[in-house]
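Undergrad: Spelled out, the chains give:
4 protein chains.
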Amino acid sequence: MVSAQDSTITSSSFSDKEIAELFSDVGEIDALVLFERELARVQESLQIIPEGIGKEIYAVLENAKFDTELLATGFENDGIPIPALLKQLREQLEPAVANYLHFCATSQDVIDTALIIRIKSAVEIIGKNLKGLTAELGRLAQKHKATVMIGRTRNQSASPTVFALKIVNWLAPLQRQQQRLNELLPRLLVIQFSGATGTNAALGNKGREVSSALAAALGLATADSSWHAQRDTIVEFSNWLSMTAGQIGKMAQDILLMAQNEVGEIRFSGAGKSSTMPNKFNPVLAETLLSLASYCRSQSDLMGSTLVASHERDGVCMSLDRLAFPPLICAAAASITQAIKCLASMSVNEEAMSRNLIADNGRIMAEAAVFELVKSMKRSKASALVRQACELSLTNNSHMIDELQSLSDVNLNWDELKKPKNYLGNAEEVIDSVLQINS
Amino acid sequence: MVSAQDSTITSSSFSDKEIAELFSDVGEIDALVLFERELARVQESLQIIPEGIGKEIYAVLENAKFDTELLATGFENDGIPIPALLKQLREQLEPAVANYLHFCATSQDVIDTALIIRIKSAVEIIGKNLKGLTAELGRLAQKHKATVMIGRTRNQSASPTVFALKIVNWLAPLQRQQQRLNELLPRLLVIQFSGATGTNAALGNKGREVSSALAAALGLATADSSWHAQRDTIVEFSNWLSMTAGQIGKMAQDILLMAQNEVGEIRFSGAGKSSTMPNKFNPVLAETLLSLASYCRSQSDLMGSTLVASHERDGVCMSLDRLAFPPLICAAAASITQAIKCLASMSVNEEAMSRNLIADNGRIMAEAAVFELVKSMKRSKASALVRQACELSLTNNSHMIDELQSLSDVNLNWDELKKPKNYLGNAEEVIDSVLQINS
Amino acid sequence: MVSAQDSTITSSSFSDKEIAELFSDVGEIDALVLFERELARVQESLQIIPEGIGKEIYAVLENAKFDTELLATGFENDGIPIPALLKQLREQLEPAVANYLHFCATSQDVIDTALIIRIKSAVEIIGKNLKGLTAELGRLAQKHKATVMIGRTRNQSASPTVFALKIVNWLAPLQRQQQRLNELLPRLLVIQFSGATGTNAALGNKGREVSSALAAALGLATADSSWHAQRDTIVEFSNWLSMTAGQIGKMAQDILLMAQNEVGEIRFSGAGKSSTMPNKFNPVLAETLLSLASYCRSQSDLMGSTLVASHERDGVCMSLDRLAFPPLICAAAASITQAIKCLASMSVNEEAMSRNLIADNGRIMAEAAVFELVKSMKRSKASALVRQACELSLTNNSHMIDELQSLSDVNLNWDELKKPKNYLGNAEEVIDSVLQINS
Amino acid sequence: MVSAQDSTITSSSFSDKEIAELFSDVGEIDALVLFERELARVQESLQIIPEGIGKEIYAVLENAKFDTELLATGFENDGIPIPALLKQLREQLEPAVANYLHFCATSQDVIDTALIIRIKSAVEIIGKNLKGLTAELGRLAQKHKATVMIGRTRNQSASPTVFALKIVNWLAPLQRQQQRLNELLPRLLVIQFSGATGTNAALGNKGREVSSALAAALGLATADSSWHAQRDTIVEFSNWLSMTAGQIGKMAQDILLMAQNEVGEIRFSGAGKSSTMPNKFNPVLAETLLSLASYCRSQSDLMGSTLVASHERDGVCMSLDRLAFPPLICAAAASITQAIKCLASMSVNEEAMSRNLIADNGRIMAEAAVFELVKSMKRSKASALVRQACELSLTNNSHMIDELQSLSDVNLNWDELKKPKNYLGNAEEVIDSVLQINS
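Chains as they are written, first to last, in the numbering used here: chain Y, 5 to 443; chain X, 5 to 443; chain D, 5 to 443; chain Z, 5 to 443.
If you are wondering where the hints come from, they were derived from the structure by calculation, not from laboratory data.
All of these numbers come straight from a predicted model, not from anything done at the bench.
C-beta: ideal position from N, C-alpha, C; glycine also.
Misleading hints may appear alongside valid ones.
As the list claims (entries may be wrong) - The calculated lysine to aspartate or glutamate pairs, modelled on EDC-like cross-linking and capped at a C-alpha distance of 16 Å, are: (1) Y:Lys385 <-> X:Glu95; (2) X:Lys124 <-> X:Glu187; (3) X:Lys59 <-> X:Glu98; (4) Y:Lys382 <-> X:Glu95; (5) Z:Lys21 <-> X:Glu80; (6) D:Lys210 <-> Z:Glu433; (7) Z:Lys382 <-> D:Glu98.
To be verified - Stretches of chain Y that chain D covers, calculated by requiring three or more beta carbons in the stretch to come under 8 Å of a beta carbon on chain D: (8) 12-24; (9) 64-76.
This is chain Y alone, in the form it adopts within the complex (with noise of 0.2 Å):
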């Protein structure tokens, strides 16, 4: 086991175990034999194979035996699975029988349908999954309403915030996830089924029948016209798994930074031992959740290549769909059920964002005294007095809003101006109307 999403120690972390079963070499010959099974007997009722032929194959490889090692033979010589498939399936039906199994398909229709079979089961647990996680980034939000906290632009200390404003910024991309998973899935659960080349034309004029009625035996829609060479649907689902462990890194960042001991504004106290080092607590979720919105771009980019695909079906293609997808598809989901875990094992101190907000001095204060000075004198003045008191607390180690009062003449209620609390806008406004999106 080459791969950390295989590895039995390492696996939990970095993949998502109902995901990597639907995935696993059964989980593909599954659906695999899915496909065979619901055509067969789909044929069978449209009268394209003798009757009792279909039923007698859907019933028959419903416990199918497979030989691993000449399946692994068999795609070394053929670059795909299905041949050595078929030959196997073949061995345990009647000659007869057998004859009209895989009836009219290519390779490429079994194997892309087999794929959309799986997503469609992975999209379950992925979109229930992100809703717990929309979920908890909503109550936490909610609990963090009025946490005033230092706001950080440019990795600097800019104006005050609320915790909650910052969750809004990790929760309101989901939320457009969700909206944009939704808009994906009618193109992208489709099923392949059209033959060699694209025609059906084995089937004759009854390509489109067919097609119909196996996709809704397997509960999805048809294509207009055969995808083998058109990998878009697969492609944009990838970028949208790449942007979901994204947008969760997103919130790792955040976590990764405000963890450092000198914020200290989030704390993971349980776990990241150290082999050496009693005094550590390592942020190891947040570390986790970037390497994964690293790793999924990387597998996402890849996918990408795929739409260069060369003429009616492409090989090259196959192969990079079979090496990046799988990958992809567990770190994506596995970025969401740990993040789940991140949110539950850290602890919010909202003493320290007071004492941040404290040792700041009154300097993110700074604006919202411009605007205070700006009504009595030009801005540009203001920025300067600003500027200078901002420098003054710095030496002096005193408060910005102190030193601004001893340089200014101007009457102002002083006390309310030192008052993060009193500089928050409509913080709380924008965070209600973001978490009604959730409800």
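Given the coordinates of chain Y, assemble chains X, D and Z onto it according to the supplied hints.
TA: Same frame as chain Y, now just chains X, D and Z:
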């Protein structure tokens, strides 16, 4: 000029002039200033700034002048163009008026909204050109609905198809791109206006009111929350651009392969001179399109990294937007216009398509033959016979069906089995259903 | 098993068995434990730990047992395997002995050195196989020094070449890869042993002494400074792996193109069955090699991101190493062994090479003709004449040189000008000089 | 100007002026023409072209004029600039002379050699600047050999280090880059001169002779075989450029993190104004460097795709060279010069380093404490005690060592154990050994 998109010699191959103007320095400054002008006017109408001020800002800055060198120095110092730009704009206003320029906005509000303003204009051009391309593909497909040719899978002759069906593989994904664009635009075409850390704090409780009015003035929608650190809509659009170029790359790949001398099904007669070989007609536009596909994928992948933005606003991501997005959108737009040129400049050689079919000596009818034979024998026997006939056909340079006839004692209409046009299944039906979407 | 490199069905196509073992869980644990054993022995010999202790650790842990489930839980908690591994190792030692296990080391010391230990073994295998591949290419080139064929530039017939010269394009970059490998190995094959933040603080002033002895024991060199956060040597090697696969991908691309039916210069007769088309012989190995080239490039790019490690050690980068490196090295190694198989299983069709030359009808001699004509007329006139002759040749399906003879009144040995073998310049000289490097 | 590297406002941040000139249109044309001039002179001296002709070409074309519009049209038609360029050059020569321009060369000979000519000049600049950067890093390290600070692993306080050792992490990989550059240059700085398909056929048996003389004239070496389709040397150098920027990105990442307000160990006092917040000093140059690192990685990855070139010369790859390489080399060069500026403009706040150590309350000495305690108790007990002391220190806001003293009855020099400077191991020795390489 380091970029091939800016070079006076090469830009017309790798960029799109109209889009490039939008994403030039002038294009950006125009959009930045437009934001400030509309903001002022809106704030005046909402009585946030004194009467007359907004109108004056709006009027005076219509013809604002800029010292590019100072803007450059400013960018070098600040990593963003806004402080230096504002300084220059303020110098062109009365001091009392200047106070109210950029009132309660933050740099990234202007930068992000200016990006969207230009994207909106770009999307109109790109959408129109994309429609032109799909229309052209539709016409070409219509013309070649009966142009029989070799269908090729895994870069090998497989079974017959028609040229229109190959074109469907180019067209259908682009039709879906149009659908995707319609879905993503409402998410994308929204203003950014939320102040330093997303709270519109400087506006007290008037943030939403100003946002709505500003959005209306700019012909955009509002966002539920600040997207300074929510880059998913930009990344989604970047992926869309890259997918568009990638799908066109697939068309180019097919064309490049069909234009090989030994295949000869497409010719570029007018172009592609060699410096020494008068026999050469290089498939220049197909090459260009393939390079654009790769280039867009790479820049879009880079854009994907901006999802992992730090805290409330991230300066690294802002620079990456600046480095990767304009080249991406120009290249993707170029791939559409160059695709149209490519279709216009190439000639389809139907004779070569026939000649290749003839040269194949009927081996392409192998699948058809198996399905005929299977009516009177076991599949495995049928396959074995046809395989043997294929080999004999290669060895003897004879027609596969003739060899098959010699090998078998089945009674078939062998002459009809020789005709590729008899083995096209539902190709026409598929083509029609895709062409219908176009109209 | 999510990864195609771990799948029992597909791993032999996309991975290399020997390398995969090194990068399996067992392979990693073996190397991790080896580090701890050698460290103990070395520390005993340097009197850093009590006499007998090192020998005991070394002996007892030779047959250490592991509870994989506990290791998995440990990894989940810590993001690294070391704390849980050490816990299990300590339980297999007397308490007094256990105290001195992993003495003064940090987790990443073990992880990084264990990576290098395995890379060293892997490089021996890879180097040997690469030598096998270059030798095979050398033999093939030797055999085809006089096999004249069409040279193709920009996917168009250009001027004559010999097959050996095409092979030189595959071989020469691999020879340079061998040179590059020799250059990078001294940088790469160094131990990591520097304690928590790179100071070997726990060892007082004995850090270097222990490092040297440990390196010697492991057959590695020492590093001047801790490379916990200096990932350039790993990235350099990752690039090397990806370049190797990429260069082999170029060979595969040429083979894939030459194996097209219309070209037919290479055939894969034994393999690549289709599920329904007995006429197909798919270029499976060429496809596999092309997919591996793309896959390696993608993983190597991901490895590149680890250069930007934070502070003294970065947990995100450690996870990325784990996700990207083993698949990369296995895929690159597979591309070498699959390349050897590809060469062994393909047959070169010299007759098709001749046939294609004949079918070209002498247009490939256009450059040669220009250079002959130029001796007695202006270049522009010569070019124009030859271009005209090329066009007539296409129209009349006649030999270009015959057309040219009709068009011009120059006295030339026209028959000699028809022979591609007369226009090969210094091909043989070039081939010989490259083959000489091989030996 | 679409590219941020060409924008008059932003180019000085993302590009390097000297390198940009080399890779401008003018820079390319100069190198292209130089090739043709030297070729003519060399061919005259070897009596391949008539006496006087070479000298005349050399002299006349020194001041060649160009019609950029025609060059642009030519590029659009041909996908390469050479045919149009030659046409214009020929018009500036006597017809009899023009015949011998570009004699026996192919377009890509000129294009590739012109690339190498410019790379050679660029490498001189880059090498010099890199030396400047390593020297500056050396000085900074020298200055901070005793500047004790918190060492951070996995973004958490770990154990003490000195600032110089952090600088070593920035410096040592750059030293190795210098070594790598020396190794790769002999492979890279070679001319391309082999005619249409790599045989120098037009020169009969004189290919090597001309190559050697031409290489000498251009100050380059010769290649064993044509590298039209062997792109490894360009890709190797692209990787080198990207690695350089990536390693500098690591420095920038550390600086960005150290410049956070809560950490404050580095300050950028002069720059990074905000449009509304006078309290901000944004780490602009660190941001720029990080964006350049990502940008270079992306372009270098794209260059990697050119390894898979088709046949004897590949037009797609030629376009990719044009799209990706100039931006890559300019960005990488900029990252070096911006890094020097970054070091010059930042101030190291030793006081903050001390303050952070103090605020840590001795928890950073956890590992040191364990190693002291282990002398008189079992490791597991020592670890447990120290962990308890760390927790008490956090809860009570007390010094960890004081807590530990209360918890244990061991007799230790507790005061010495409180001092981070006592736990620096061989830091100085490591620093010295790396600095020595610099000199």
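Undergrad: For every hint, state whether the structure bears it out.
TA: Quick rundown of the hints versus the structure:
no.	hint	in the structure
1	Y:Lys385 <-> X:Glu95	holds, 14 Å
2	X:Lys124 <-> X:Glu187	holds, 14 Å
3	X:Lys59 <-> X:Glu98	holds, 13 Å
4	Y:Lys382 <-> X:Glu95	holds, 13 Å
5	Z:Lys21 <-> X:Glu80	holds, 14 Å
6	D:Lys210 <-> Z:Glu433	holds, 11 Å
7	Z:Lys382 <-> D:Glu98	holds, 11 Å
8	12-24	holds (count 9)
9	64-76	holds (count 3)
The structure agrees with every numbered hint stated previously.
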